[in-house]
Every structure is written in structure tokens, then in C-alpha cells.
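Chemist: Here is what each chain is made of, one letter per residue.
Number of protein chains: 2
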Amino acid sequence: MSKILDEVLAANQAYVAGFGNKGSLALPPARQFAILTCMDARLDPAKYAGLSEGDTHVIRNAGGRASDDAIRSLVISYKLLGTREWFVIHHSDCGMQLFDNAIMSDLLSKSLETASIDASGWHDTGKGPGCDEGKYINWLTFKNLELSVVEDVQRIRRHALVPKNIPIYGFYYDVKTGKLVEVADAMQAGRAL
Amino acid sequence: MSKILDEVLAANQAYVAGFGNKGSLALPPARQFAILTCMDARLDPAKYAGLSEGDTHVIRNAGGRASDDAIRSLVISYKLLGTREWFVIHHSDCGMQLFDNAIMSDLLSKSLETASIDASGWHDTGKGPGCDEGKYINWLTFKNLELSVVEDVQRIRRHALVPKNIPIYGFYYDVKTGKLVEVADAMQAGRAL
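Residue numbers (our numbering), protein chains in the order written: chain D, 1 to 193; chain F, 1 to 193.
With the rest of the complex left out, here is chain D:
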């Protein structure tokens, strides 16, 4: 038995003991908004944005990037579960600024050679410029933090499946202070049309 598994299950047991009436929470987010942010261990969106269970959809991936999968989740969030405002929140000192696609390809060169794709629609890879039949993966790294927020807000804003009238707010989280810092160009790019 893994120590981590033991610890997680013990913590969960304590959570269950104090669960109270949270079992009656409804499926749609009560506060009708969603946050897209990074998987980084230092970020706790519930704490940094003041969320209780039942409030808000939280989507997280490496970088908090507006990948297709994040947009899949946001579209479901809006269309089926009623969110009406979205936040994109990247952060300082992000791992995605420390490397690039070339570094990942080197690290994974052996595995990438044997990687194969299926055609089931799960894949972020694809054929096209820079895509070598699935041997290429876009790791969605970035060089400039503020620009990465602008880029992602723009990608969401312009996406054909995203409603024009939903506001998208662009911020980054400062890991040194815990503060959410507004990215002016992203706020501009994310205004409801």
C-alpha cells in the first residue's frame, strides 16, 4: 500500500465525517461561472478566488491553456450547466515557461518514436504543419506570461463554439503574494461582443 494512497484516504475519511449537508448541492454551479487555471501545486483556486463546494466549475491543465479540451469543458459548462462568465488565470513562475517543444521531444524521444495515434477524437495531435502523424505533440509552452493569457482569452473568444456574449476575464496569479493580477489586454480581448 502506498503512503500517499493511505494519506489521501485518511484525509477523505475526515472530510466525509464533516461533510454536513453538502450532499444536497445541485449539479449546476450556483455562482454560474467557470475558472480555467494551471494544474500547478501552489495554486488552490477555491482558496485564491473564494469558492465553496457547489459554486464554480474549475478546469485545470498544464499552463491553464485554452486547449481544445479546455474549450470542450467550457462549452459544456455554458451550454449544459449555465455558467455565464469565465476566468482564464495563468501564474508567475509557471513550469510551462521553463521548457519548449524541443526539450520535451528530447526528453521523450524514445517514447515519441513508438507513440501512435488512434482516430477516436481524443487527440490534440494531428496532421498538418509541424504535425508528423501524431509523433508531434504541442506541449503548449509559452515564453511571455501576460501574452499567454491574452493568447488564450483570444483563442476562446474567437472559437466558433463559444457564445459571443460571455465575458472572459484574463488574470495571472502571483505565486509570491497570492494576488490575482489583471492582464489589461486580455480583459480587452475577452469583452462580450
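Please keep in mind that the hints were generated in silico from the structure rather than gathered at the bench. Don't take every hint at face value.
Calculated pairs, BS3-like style, for lysine-lysine (alpha carbon to alpha carbon, straight line, at most 30 Å) [stated by the list, open to error]:
1) D:Lys22 - F:Lys22
2) F:Lys143 - F:Lys47
3) D:Lys3 - D:Lys47
4) D:Lys22 - F:Lys47
5) F:Lys47 - F:Lys176
6) F:Lys164 - D:Lys3
7) D:Lys79 - F:Lys176
8) F:Lys47 - D:Lys3
9) F:Lys47 - F:Lys22
10) D:Lys110 - F:Lys79
11) F:Lys22 - D:Lys3
12) F:Lys110 - D:Lys79
13) D:Lys143 - F:Lys79
14) F:Lys3 - D:Lys179
15) D:Lys79 - D:Lys164
16) F:Lys79 - D:Lys3
17) D:Lys79 - D:Lys47
18) F:Lys47 - D:Lys176
In this text, all values refer to a predicted model and were calculated from it rather than measured experimentally.
Use these hints to put chain F onto chain D, whose structure you have.
Modeler: Structure of chain F alone, referenced to chain D:
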């Protein structure tokens, strides 16, 4: 100014005021594990699994599915940031059980007609069976909760970029009780090889 934006920024201000020494947390997750779970508003992984800031990578999307983007994040988590155990945690009463690709296509029929793909590698869509040049999106819905956990653990386990020796644990979260319930077949499928 949006009420939600006001509330989030006010909550953030309070968080900053009590931030303490969290600014010195390191980038790699201190407890060296990662959780893939659903964006559902009722789930707070930090609370249900006992996580503090700095402990753990948390990846979330609609359904907690092992999409390419989730696997991108997990591979980065392992390879660059040192996680050595992974959890896949779906949950009861998931929105992804309430609909299917046909329902989403109906809801979005107008938008889907105008949707276009680029070839930048962000896309979960693709050409292939069931994929009509990007007009098709796999929404990754599911019918059977436990089976969906098994399926995702298997997809991660078999992925060419995933190390064979990392254990993957399969659970679902019961929204009525807060309890993490082990999915035996998923635990079996996720054993280190």
C-alpha cells in the same frame, strides 16, 4: 463591473492578506503525486483529498477524462516536475452521463456548421472515423461511471508517453457523501508494470 468579478477580487484580497510564507513554496509538487478529476463545482480536490498549497498537481476537465490534454499535463507532471503516483477520480451524478455527442451536436448545430480547425496542434478533433474535418468533436461523455474510470486508467496506462512504472489509482467521488470509492477494475488496470 461584474458582481462575480467583484466577489472574486475581494476574496482574493483576503487570501493575500493571510498568505503567510506560501510565497516560498517550490514549483515541483512536494508530495509528488497528481490528481485528474472533474471540473464539477461540487468537487474540491484539496478538501476531499487533504491537499495543501504546494502538495499536488490537480488536472480537471469535464468528466475528469483522460483526454490528450490531460495526458499532456500528466506527462509534464511526471517528466519535468517529478510526480510518481497518479489518481483518476470521476464522480457520481456527473453531467457527462446526462447527454451524448448527438445531444451536443443538436444543441450546437449552428455553431458546429461554422466551426473550423487550424492545424496548430491544439485540437482534439481530427480526421478519421467519425471525424468530419473538425466539425465533429468527441465530448467524452459516458454511460457507466465505474467503466469510465476503468477506461481512462487503461488509456493512460497504455499511452506510449506514460512511464510503465507509475501506479495509477482509479476512484470515484460520491457527491452524496463526499467519499472516495475505489474502482477495483481500475486499480487493477492501473498497476505499475
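Chemist: None of the hints should be skipped; say for each whether it holds.
Modeler: Each hint tested on the structure:
1. D:Lys22 - F:Lys22: holds (29 Å)
2. F:Lys143 - F:Lys47: holds (27 Å)
3. D:Lys3 - D:Lys47: OK: Lys3 of chain D and Lys47 of chain D at ~26 Å, within 30 Å.
4. D:Lys22 - F:Lys47: holds (13 Å)
5. F:Lys47 - F:Lys176: holds (15 Å)
6. F:Lys164 - D:Lys3: Since the Cα atoms of Lys164 of chain F and Lys3 of chain D sit roughly 20 Å apart, the hinted pair holds (cutoff 30 Å).
7. D:Lys79 - F:Lys176: holds (25 Å)
8. F:Lys47 - D:Lys3: holds (18 Å)
9. F:Lys47 - F:Lys22: holds (18 Å)
10. D:Lys110 - F:Lys79: holds (13 Å)
11. F:Lys22 - D:Lys3: holds (24 Å)
12. F:Lys110 - D:Lys79: Between Lys110 of chain F and Lys79 of chain D the Cα gap is close to 13 Å, so the pair holds against 30 Å.
13. D:Lys143 - F:Lys79: Cα-Cα ~20 Å, so holds.
14. F:Lys3 - D:Lys179: The given pair, whose Cα atoms are some 19 Å apart, holds under the 30 Å limit.
15. D:Lys79 - D:Lys164: holds (13 Å)
16. F:Lys79 - D:Lys3: Answer holds: Lys79 of chain F to Lys3 of chain D is near 21 Å, not above 30 Å.
17. D:Lys79 - D:Lys47: At roughly 26 Å apart (the allowed maximum being 30 Å), Lys47 of chain D and Lys79 of chain D satisfy the hint.
18. F:Lys47 - D:Lys176: OK: Lys47 of chain F and Lys176 of chain D at ~23 Å, within 30 Å.
Violated hints are absent here; each numbered hint is respected by the structure.
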